[in-house]
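Protein chains in written order, with the UniProt record's numbering: chain A, 1 to 457; chain B, 1 to 457; chain C, 1 to 457; chain D, 1 to 457.
Quick caveat, the hints were computed from the structure, so don't treat them as lab data.
If the Cβ cut is set under 8 Å, some of the chain B residues that face chain A in the computed set are:
hint, residue
1, GLU68
2, ARG110
3, PHE113
4, GLY132
5, LEU133
6, ARG136
7, ALA193
8, ASN197
9, LEU199
10, PRO201
Here are a few chain D residues that face chain C, going by a calculated C-beta distance under 10 Å:
hint, residue
11, LEU114
12, HIS126
13, GLY132
14, PRO201
Don't be surprised by glycine CBs; every beta carbon is placed ideally from N, CA and C.
4 protein chains.
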Amino acid sequence: MITPDPAMAGPTFPPPRRAAPGDTAAAAQPPPAAPAAASAAEPRPLLAARFRRIRTVTGQLAAPLTPEDQMVQSAPETSPVKWHLAHTSWFLERHVLERFASGYRAFDDRFAFLFNTCVEPQPTCHPAAARGLLSRPGHEELRQYRDHVNAAVLRLIDETPDAEWAGVARRIELALQHEQYCQERLLADAKHAFWSNPLRPTYQPPQPAALAAAAGQSWMVHPGGPEGIGHDGSGVAFDLEEPRHVVWLEPFRLSGRLVTNAEYLEFIEDGGYADAALWDPEGWTTAQREGWRAPLYWFKRGPDWFQFTLSGTRLLDGEEPVCHVSWYEAAAFARWDGRRLPTEAEWEVAAQPLRRTGNLLDYGRLHPAVAACAGDGPWQLYGDCWEWTSSPLVPYPRWSPSDKAVGEHAGLPAAGRMVLKGGSALTPGDLVRASFRHHLTPSSRWHMTGIRLAEDV
Amino acid sequence: MITPDPAMAGPTFPPPRRAAPGDTAAAAQPPPAAPAAASAAEPRPLLAARFRRIRTVTGQLAAPLTPEDQMVQSAPETSPVKWHLAHTSWFLERHVLERFASGYRAFDDRFAFLFNTCVEPQPTCHPAAARGLLSRPGHEELRQYRDHVNAAVLRLIDETPDAEWAGVARRIELALQHEQYCQERLLADAKHAFWSNPLRPTYQPPQPAALAAAAGQSWMVHPGGPEGIGHDGSGVAFDLEEPRHVVWLEPFRLSGRLVTNAEYLEFIEDGGYADAALWDPEGWTTAQREGWRAPLYWFKRGPDWFQFTLSGTRLLDGEEPVCHVSWYEAAAFARWDGRRLPTEAEWEVAAQPLRRTGNLLDYGRLHPAVAACAGDGPWQLYGDCWEWTSSPLVPYPRWSPSDKAVGEHAGLPAAGRMVLKGGSALTPGDLVRASFRHHLTPSSRWHMTGIRLAEDV
Amino acid sequence: MITPDPAMAGPTFPPPRRAAPGDTAAAAQPPPAAPAAASAAEPRPLLAARFRRIRTVTGQLAAPLTPEDQMVQSAPETSPVKWHLAHTSWFLERHVLERFASGYRAFDDRFAFLFNTCVEPQPTCHPAAARGLLSRPGHEELRQYRDHVNAAVLRLIDETPDAEWAGVARRIELALQHEQYCQERLLADAKHAFWSNPLRPTYQPPQPAALAAAAGQSWMVHPGGPEGIGHDGSGVAFDLEEPRHVVWLEPFRLSGRLVTNAEYLEFIEDGGYADAALWDPEGWTTAQREGWRAPLYWFKRGPDWFQFTLSGTRLLDGEEPVCHVSWYEAAAFARWDGRRLPTEAEWEVAAQPLRRTGNLLDYGRLHPAVAACAGDGPWQLYGDCWEWTSSPLVPYPRWSPSDKAVGEHAGLPAAGRMVLKGGSALTPGDLVRASFRHHLTPSSRWHMTGIRLAEDV
Amino acid sequence: MITPDPAMAGPTFPPPRRAAPGDTAAAAQPPPAAPAAASAAEPRPLLAARFRRIRTVTGQLAAPLTPEDQMVQSAPETSPVKWHLAHTSWFLERHVLERFASGYRAFDDRFAFLFNTCVEPQPTCHPAAARGLLSRPGHEELRQYRDHVNAAVLRLIDETPDAEWAGVARRIELALQHEQYCQERLLADAKHAFWSNPLRPTYQPPQPAALAAAAGQSWMVHPGGPEGIGHDGSGVAFDLEEPRHVVWLEPFRLSGRLVTNAEYLEFIEDGGYADAALWDPEGWTTAQREGWRAPLYWFKRGPDWFQFTLSGTRLLDGEEPVCHVSWYEAAAFARWDGRRLPTEAEWEVAAQPLRRTGNLLDYGRLHPAVAACAGDGPWQLYGDCWEWTSSPLVPYPRWSPSDKAVGEHAGLPAAGRMVLKGGSALTPGDLVRASFRHHLTPSSRWHMTGIRLAEDV
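Full structure from sequences and hints, please.
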């Protein structure tokens, strides 16, 4: 089990930004960021190159999959890979080209219905649960769609008048963030699709086995008090990350590394899945109805536990962080361990000073690596698994959707979702920042989701 | 409305085979057919040629569909086209090759699990509702699978010792009947898959429009009394068609042609879908829950009714037989019309003397043609639409499954299914015979199902 | 196991009414019964006395239940006892008093909505599944309702002009048949309600234990050929029992007594509930979903099987007929036993010559008695348990609802129901006749339903 | 519509307790309350009198209901009144008598199973959705049960040694809070039960009509900054209200009175129920599935809106606060109005200095009264309706369940619930305090729930 060694408890955080005498709430907040439009917009060639790179990556991620593979929708909440390919192009059409590229002709007027997203039921979009039925448009037609949109965006980058460039650039940046967000979805959905096939196809060749042992657990301590969280306005971010605001924290500490498979197995073997007292009531009911006995993608043959990965099925590696657990399982584990999940604010305050790096999509492993310890080096809070927090997603104080036109990432967040922080082995590095608010329903398991522990001090 | 013209009421049936004086039940039955094995088995070259032809047709039926199209499973009770392609090959592997071809090696041992059918839940087969997730084996691999099986069966036809030929031939015949049955399923499922896509793709080019008007209605009269129904043992048949046995009929008459779209529209406009008194109680509940207001594949734009076909969407043609109605709708229509559906026995007795021809798959229209009247020519009971009867499917007296090994077509029929007779524009001609018992749940609408009327005399 | 002893196979039936040479269907049928109205109507004092008796019995059957007990609706398809009390009074209001008693004032106009039955969804009646919510009208008000209706019917019996008496009498008879049908429902529903309470209340004191052993099995043989079934028009009957008509039977034999608990236990212990091959496909799916492992009201404690009865819980008595099995279980048992269920026609033909007596409601036992054998005495086909047949309920040839106004017992029968024959230990003797067609969905288990076997000869 | 009049904007709050220079989180918190056991326990005679009064009230609330009324469970999430009567007695048995009254004999050992609550599925309690089936124990037996428990608790109050009195008193206080919480449930459930009966019975006589008009809207302003919320440890409270801790607020203002029916009607007539953009995504889906077009208990006849109340059905009074809206509807209304719901912390900070009084259960109206304005008098935040906040229920920082044995009010709160504050016309005055955290799923409508607005300043 996790044996926190006080002697190992690492450095405390850099001194928090404290509220000064006589502060009002407004004063305690960092000065508001200069409006994004005023910040120097990215030079056109650089943005064009980034655009090319990111759009190319989406195609490369789909490349190992046959047109048939790209059809599969293995759960109502997942989407076929081909749908992601189309949706991201449609997003550029709707939110960039139709807005800024005068005279742009949609590739196919019917695609807005097929590849839009909306709150259902609505007559304005194809039902999300029926995306797996769209054999047409076909694979080749969607490739042409992407080319058509790419060419138009690159032309827009070239031809936008200087006076409008900042606004166009900002919108393209947002669309690229969206595209990268969909890259992670694409991989998570493809993994689930392959898992749903008894032949258990593999997406990529086996990756090098882990040689090292997981680090011992260590703890990061925070003394509490007022802190600032939320996006500070520099660079691109989704609406929900704003505005930056003050929160008051109690003293706490955060575990230096993620919970490992070996630790989670102890929970299983100790009867964690059979003890209702450890579980959120809804979680218990869900776990019984679904027959959960282990994380998603785990199964047992004889005495051995196996795990399905994008590189195929292999023996469970106890040294890796546990992943594909629901919030219910994460919270039950933490309670069993005598600890709790961190709040979003605790996590974010801990992450703010750290380097935004880790085992991310860019490394190509597509699976958590050996659980690294933050104890004796620079803290490391990104990568491997998205980390469940105890915080339900609610808009921040003074939040208002800046531009309701920008689709699912600016509208009202749905009630009942829990915030996740950090990023996983499927997350593009460009999405990684302390303020990013991933959010999922507490029963979700098909994203790469893991557990970091917290406790009161 | 249907205006039966007594003057047009056509010829009565040929005199029924009456029970003779002193008959016992056994005596009244036709002499039992000589066992199939004893009948002259088809010569090898002829069977080989038929095998090649039928297997080729299955592939040809799938050919207009892309690999992506062949993935779609648009309802739990339909199957992807690719699954049909695989299932029919597996059927030959299991029921012909594994049984008779010594030394046969299965193409892939795992396919038995994927492409078998079973009563669910069972651990021996892939769940039917999840067939749309099988992107692997891929399109090309399934083509190789079909080739592998075809070669093995042709080799078996060549190499079977003479003494065993009759049994092998009979089993291959059965497998071909099964393959042809699946050909109809394949087309019905593909039609539903295309309907489920808002782009409404077309399977084949438009067919010639109907020029003629539907014939006036006429009636075939039967005087009642004992008759024989069921398969008589000559040639191939499915288990459920046997044994031939005596039924006692009351005098009745049968409509000379199917109910037309125009007649069905009168039912709709007269409020047929809103009058619970016309409906079977379960049917009423189903119709309200599903929001039925017209047959499947019909929709209204402004004042006009349209119909989706395998040749695309077109204006509804009032002269064609109504099709894609559930048993509930067929029975409600008949009741509204002051008539009833025929019993299976009535239909079969009427059909026995008739030529087995009509608008079947072999004609390539793949849609009902103008409703032809049986009144002034040879009776015509086959083709266009499967015809709902008022008879629930029950095994015939003295029935026993002859060979439980032959899969879904020899096992216990499920309770709650209604018998359909005749054959549709999607039915291969080889399946057409008076004794054939198609059966569907009373809420099924995606097969090509229509309405023939009956009444007491 | 059932060991049919050929030596014990009892007398054959009286010679069947054979079809004579040259018979037409019409000729083979018995002469049509004189219309009921023409038969001598029951004298008024006798009908009044029967009316009083039957209405009183309904109240007596409810008497052991508290007002709270009478509220319970333990499944969507059951009704609270208080609802039965009200519904039977409403039936007399609607179908007798409103039709024949000029100037009759309904007790409460709103009751027609509450206590009617209809095909749902419809705006004309309270949803059947919500009957358990009707705390008002209260217990005492419903007693007044019954008194009000009783007085009005007795006045009508007195005051009907002679010329109208036959019609009124016939309608009252029908209402009494309906009332008695509801008496059985009332008890079946009360039993299920008590079973649903963990305290397992008892309805009546323990009944004398069975002392004898079940008889050995014997068989009644029928040579096949044409027979007449259906109600012959003399006396009262429900619409669906008519008209009498000819059926052609194959030679068969019928078991002399019902299957016992001991025999059914063998089926259980032999893995009957785990062998899909024995089951109807829908039945298998149902059994797995519902977790069926034994008949309803059975449970096991340690090595012992117990059974819940209207006299409380007691050790299972192996000598009694098995009851509370669904059609699926009955059919699976028969198949496991190498036999089959009888058809409705087989059962009815066997029962026609027999005395209409047995362990019925009138005996007060309210539970099957020791399985009696028909082998060496007069045949006994009534009482103990309703007997599942292999026949789906379909209207008889030439059937038409005689009077659609008479509620649920004259309308269209719902598709998908199986016919049961005979009567149970909860059935009033007045309902017992060869032509009576009880019908239930094949998954129903809360009526007192058992198994008689048949086989081909 | 709501027309906030800045001139009317009332007094600001008393100066918030600000964080002082150099505060740490701990320092900013109020000094921890002395443990409850150390506070002077209530004198025995006073507690005995309160116990008698509160237990008597529960019985009085049930008194207008017949034993049949008390059986009704009209939704899976409601409970029959008789179950509340039993559950509250069982709560005293389990959490007071079994713990402190040596030698106490349970009234009936089986009641713990029937009247306990647990996280389902569990084998330790009767399923919550099946509580309406418990006709036994009967009405009279439950009365004896209450008497038995009352006598034992009063004896315990008398006989507890002085040294143990504080602990016993505290536990009894908690049980009384629980009992009073159930009193509100009892009335909310009874209202829903009567609504589910088409006869729409009334619980109590009509109450005096409102004469006054609703006050104009006014606003309470708060300047933001650190504040303390949560229970401060004096007097009794449920676990979830603790511990008191610091939150940082942005400047905001809170509406002086609740939203009225007239204002809500404007939302309806403006198409609020048809505009997905106003709704939480889950809320939209729920509203469409359930067919919501108005609050629960509203219906329209011709041009008029009616409302069902515990005093029967009457014309909707536009001056009363809207109630029986779900969180989804409350949030959609606020968004339509250009405002938002308050956070729990905002509400609680505003309420802390106010008198705990209002239109509560003790007034006997059992329905909201005319919407009073807080603008020109002492603020009034209690009574009429529970007020939805935008805060999901999460435990407070450093929370830990103090005593897991005390049932549903000390365990883990379920994910996905929203906090409500204040109290309704059904809430006993003893439950009313700023820290009380009522919580419901966002789709709940059968509690008396209304809307207070907030906005950023």
